[in-house]
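Visitor: As a plain string of letters, each chain reads:
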Amino acid sequence: MKGLPAHWRLLPQRYNLIGSYCKNCSGRFFPQRSICPDCRRTGSMEEFKFSGKGEIYSYTVIRAPPQGFDYQVPYVIAIVKMDEGPFITTQIVDCNPEDVEIGKRVETVFRKVIADGESGIIRYGYKFRLTD
Amino acid sequence: MSVGIVGYGAYLPRYRIKTDEIARVWGKDPESVKKGLGVYEKTVPNLDEDAATIAVEASRNALLHSGIKPADIGAIYAGSESPPYAVKPTATIVGAAIEATPELTAADLEFACKAGTAAIQCCMGLVEAERIKFGLAVGSDTSQGMPGDILEYTASAGGAAFIIGKENLIAEIKDTHSFTTDTPDFWRREGEEFPKHGARFTGEPAYFKHVINCSKRIMERNKLSPKDFKYVVFHQPNGRFPLKAAKILGFDQEQIKPGLLTPWIGNTYSGSTLLGLVRILDEATEGDLILATSYGSGAGSDSFIIEVTKENEKRKNSKPLQSFIDRKDYVDYAVYAKLKGKIKGVKLEK
Ligand SMILES: [Zn+2]
Numbered sequence: 001m002k003g004l005p006a007h008w009r010l011l012p013q014r015y016n017l018i019g020s021y022c023k024n025c026s027g028r029f030f031p032q033r034s035i036c037p038d039c040r041r042t043g044s045m046e047e048f049k050f051s052g053k054g055e056i057y058s059y060t061v062i063r064a065p066p067q068g069f070d071y072q073v074p075y076v077i078a079i080v081k082m083d084e085g086p087f088i089t090t091q092i093v094d095c096n097p098e099d100v101e102i103g104k105r106v107e108t109v110f111r112k113v114i115a116d117g118e119s120g121i122i123r124y125g126y127k128f129r130l131t132d
Numbered sequence: 133m134s135v136g137i138v139g140y141g142a143y144l145p146r147y148r149i150k151t152d153e154i155a156r157v158w159g160k161d162p163e164s165v166k167k168g169l170g171v172y173e174k175t176v177p178n179l180d181e182d183a184a185t186i187a188v189e190a191s192r193n194a195l196l197h198s199g200i201k202p203a204d205i206g207a208i209y210a211g212s213e214s215p216p217y218a219v220k221p222t223a224t225i226v227g228a229a230i231e232a233t234p235e236l237t238a239a240d241l242e243f244a245c246k247a248g249t250a251a252i253q254c255c256m257g258l259v260e261a262e263r264i265k266f267g268l269a270v271g272s273d274t275s276q277g278m279p280g281d282i283l284e285y286t287a288s289a290g291g292a293a294f295i296i297g298k299e300n301l302i303a304e305i306k307d308t309h310s311f312t313t314d315t316p317d318f319w320r321r322e323g324e325e326f327p328k329h330g331a332r333f334t335g336e337p338a339y340f341k342h343v344i345n346c347s348k349r350i351m352e353r354n355k356l357s358p359k360d361f362k363y364v365v366f367h368q369p370n371g372r373f374p375l376k377a378a379k380i381l382g383f384d385q386e387q388i389k390p391g392l393l394t395p396w397i398g399n400t401y402s403g404s405t406l407l408g409l410v411r412i413l414d415e416a417t418e419g420d421l422i423l424a425t426s427y428g429s430g431a432g433s434d435s436f437i438i439e440v441t442k443e444n445e446k447r448k449n450s451k452p453l454q455s456f457i458d459r460k461d462y463v464d465y466a467v468y469a470k471l472k473g474k475i476k477g478v479k480l481e482k
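In order, the protein sequences belong to chains A and B. Read in order, the letters of the first sequence correspond to residues 1 to 132 in the numbering used here. Read in order, the letters of the second sequence correspond to residues 133 to 482 in the numbering used here.
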């Protein structure tokens, strides 16, 4: 049950890719920031929902997984460049690792990320898949 | 204008297993299984998919199709017989994932394979009473069949979502009727992993009695007969039952075939009738009349008479069901057993 409050606080980010937009410099940020790193004190941040579309910037195939991901190997973790600019590190699902290539289009999906054992909370959130 | 469908969305997992592959493992003749059930392959959810993730995907597609603001949704009813939590509503997860929270009511519904159509009825009532502007009704499942049991060939995964309202309708729901009895045809006790079926009760006293009576009553009440409908869709526990029900009622193959999906996706339980309806709405044109009748074991049926409006052609769904049916990869029985958590000693959720 570790980190339950943190998970709950991050639901908008994890469910709906809610990040930040700076009204001063039009910068977009994910995850959410409270202060614009470029404008500092003159910046003015508001919530921004990312479209969930982007392309593979880089990726790696996980064969020695962390606990909880044991039965998903081999799976792909990618850095996706979102259409709005920011990069996001995410799992690419429903594909064979050999299908993934740098530059391929991806879109967000809603998946189970990890469960706290059989009786704990199920943490849902974003992952991505290759666009048809 | 009266109550109806403002938008709809579907979702099917990517993976499939063929009837031949399941039959091979249990030493059955695949041709006779396929002939007997009328099912050639079924969907298989990935390790990270469950009835909640499927409900979210279908609801997001419905929201996209409807073009409405999520904050205008006043009720979410999520129907499933395989919710990920025994206590913690799937409807809350859906609500948050489509940004419809917090000003709404939400609840999970359970009635074997007909919880999704019951959800539509709940939304219709609230919309008609003008308690809410829009309601979201979802049916989704990742159903389980006991290994080697006949249900293993059909129990699959998928879901559909409908946004019910009064404005901008792609189809008007002219009437709804239900037929409910206490029938022991299929059940699962709390804490049990697999369902049981009272074999003697499947078929005549269960599926056919409810589907046929419910369909007859709603047609009689509206002074309509099978020839008045362009399409008909029934719950699809296999590929045979709906065809037989259609024949008994006097519908022909052209009316039932467009919405008959079980041969290629299996029985998606709470998603079954709804996905058949989605498939029909994907192609229907103005003035087409649809009869939809669900069936849930235990037992009951909900019937709907639906008339398609001009808006359905103007506002085509950008994610038609066929795109989900065509997007597929096959797995063998071993991988299927792993994905469904059927391998002894393997605890998938750490
Ligand atoms: Zn700035």
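Hints in this document: simulated from the structure, not taken from any laboratory. Glycine included, C-beta positions come from ideal geometry on N, C-alpha and C. There could be a bad hint or two in this list.
As the list claims (entries may be wrong) - Computed, partial: chain A to chain B, Cβ under 10 angstroms:
{"hint": "1", "residue": "Arg9"}
{"hint": "2", "residue": "Ile56"}
{"hint": "3", "residue": "Ser58"}
{"hint": "4", "residue": "Val113"}
{"hint": "5", "residue": "Gly117"}
{"hint": "6", "residue": "Ile122"}
Visitor: Could you run down the list of hints and mark each one as holding or not?
Guide: Each hint, compared with the structure:
With its C-beta approaching chain B no nearer than about 13 angstroms, A:Arg9 sits outside the 10 angstroms limit, and its interface hint is violated. At its closest, the beta carbon of A:Ile56 sits 18 angstroms from a beta carbon of chain B; the interface hint therefore is violated under the 10 angstroms criterion. The interface hint given for A:Ser58 is violated, since its Cβ lies 22 angstroms from the closest Cβ of chain B, which is over the 10 angstroms cut-off. With a least beta-carbon distance of about 7 angstroms to chain B, the hint placing A:Val113 at the interface is held under the 10 angstroms criterion.
For A:Gly117, the shortest C-beta to C-beta distance to chain B is roughly 7 angstroms, which falls under 10 angstroms, so the interface hint holds. Taken as an interface hint, A:Ile122 checks out: its beta carbon lies about 6 angstroms from the nearest beta carbon of chain B, inside 10 angstroms.
The structure is inconsistent with the numbered hints 1, 2 and 3, although it conforms to all the rest.
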